[in-house]
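Colleague: So the sequences go chain by chain: A and B.
Just so you know, the numbering used here puts the end of the first sequence at 572, numbered straight through with nothing missing.
Just so you know, the numbering used here puts the end of the second sequence at 572, numbered straight through with nothing missing.
What the hints contain is simulated information worked out from the structure, not anything from laboratory work.
Which copy is meant is left open, because identical chains are indistinguishable; a pair holds if it fits in one copy or across any two.
Think about it this way: if two alpha-carbon atoms lie no more than 20 Å apart in a straight line, the pair counts; the simulated PhoX-like pairs of lysine-lysine are:
(1) K410 - K567
(2) K490 - K534
(3) K554 - K383
(4) K534 - K567
Since the model is a prediction, treat every value here as computed from it, not as a measurement.
Protein chains: 2
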Amino acid sequence: MPISAPELLDALNFRYATKAFDPEKKIPVETWQAIEQSLALTPSSFGLQPWKFLVIDSAEIREKLKVASWGQGQVTDSSHFVVLTTRTDLDQEDIDSWIARLSDVQGTPMQALAGLSGVISSFSEGMSIPEKQSWNTRQVYIALGQLMTASAVLGIDTCPMEGISPADYDEILGLKGSGYATAVGCALGYRTADDKYASATKARFPLEKVVAHV
Amino acid sequence: MPISAPELLDALNFRYATKAFDPEKKIPVETWQAIEQSLALTPSSFGLQPWKFLVIDSAEIREKLKVASWGQGQVTDSSHFVVLTTRTDLDQEDIDSWIARLSDVQGTPMQALAGLSGVISSFSEGMSIPEKQSWNTRQVYIALGQLMTASAVLGIDTCPMEGISPADYDEILGLKGSGYATAVGCALGYRTADDKYASATKARFPLEKVVAHV
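With the rest of the complex left out, here is chain A:
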């Protein structure tokens, strides 16, 4: 195994929702490329990957997003800021495009995937558009979880950001009508030496309150 159980727990205990990022410290290129790869490797139901991850390089856009995030400094001060967007629909084209990709990558004839395609279509037909978006958004949260955990074991700090205005983000990022909508943000980089939240005792409910054996 690449990591031992104590090392994993050390990494998860070290991580916290970083409030103050050091604006001078950038994630090295190779590490960042691995983080992008890890995002792309996120598991999703049926493998559909109903998402797009926007890495905001533009300082100007980051300033605008900060305003749409209650002025939280993580948006501009972090090394990298990612907006996790969700597909707003799940239509036949989404399904076909995934089945074609699967066929291509795994060398499986399209006919052999007709059953899977039908299962996904039936599943999709049972949902309204808002239900589809809601379902897709849950998948995006798997990506958020994987992103924070992967970063933690790489020694990268993160701050998940739900305290944002998704509608304003969509406006700023030109997402209206694109078929994707803002779900949640995530800032990544390195904590400052004096972020007071870094030294706060990690607060969780006792294990026995959240894990039960049946």
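Given chain A, put chain B in place with the hints provided.
Modeller: Using the frame of chain A, we list chain B on its own:
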């Protein structure tokens, strides 16, 4: 950092939605305890942890859950099977209990947390009960993401299970009226040597389709 970027990607590429678990291979106790700890360490919005994770030890209950999971063998054959449940509401008691815990763990006077408590209450008041459950469920999916990623770096196989009947699960697990409802399942353990899905090429969209720089 506890893991290098190539090691992380190796672990994420090694993982796949395991279909055939070896029923003879059990996750060692210390490793399992770390996985439970990692579940409890999952980040959540405001730190509210709107979840309970049920580890199904009972073979009899696993058999029943299998029936409510389209007969999928992962439910009974995996070393450990977890049902991730979501809080169905977000009421003042939830908020108070979290604020009290925070005060206790971090030694912060309750008065100093009144502001945070008010922010969470205002946020909660803006949502209907179904919206609250939906929001809580997204948090549970962060836990699912962290669970799969943490397991992958520990060398443990997983299979996320959405193809289940949550209503039947709730019935079998006696969750009706408990304030918690089934969100998703996750089987954990070790693949069999002959699970054909293990050797299938990992299929994802190309990186440029899912990650964009803005």
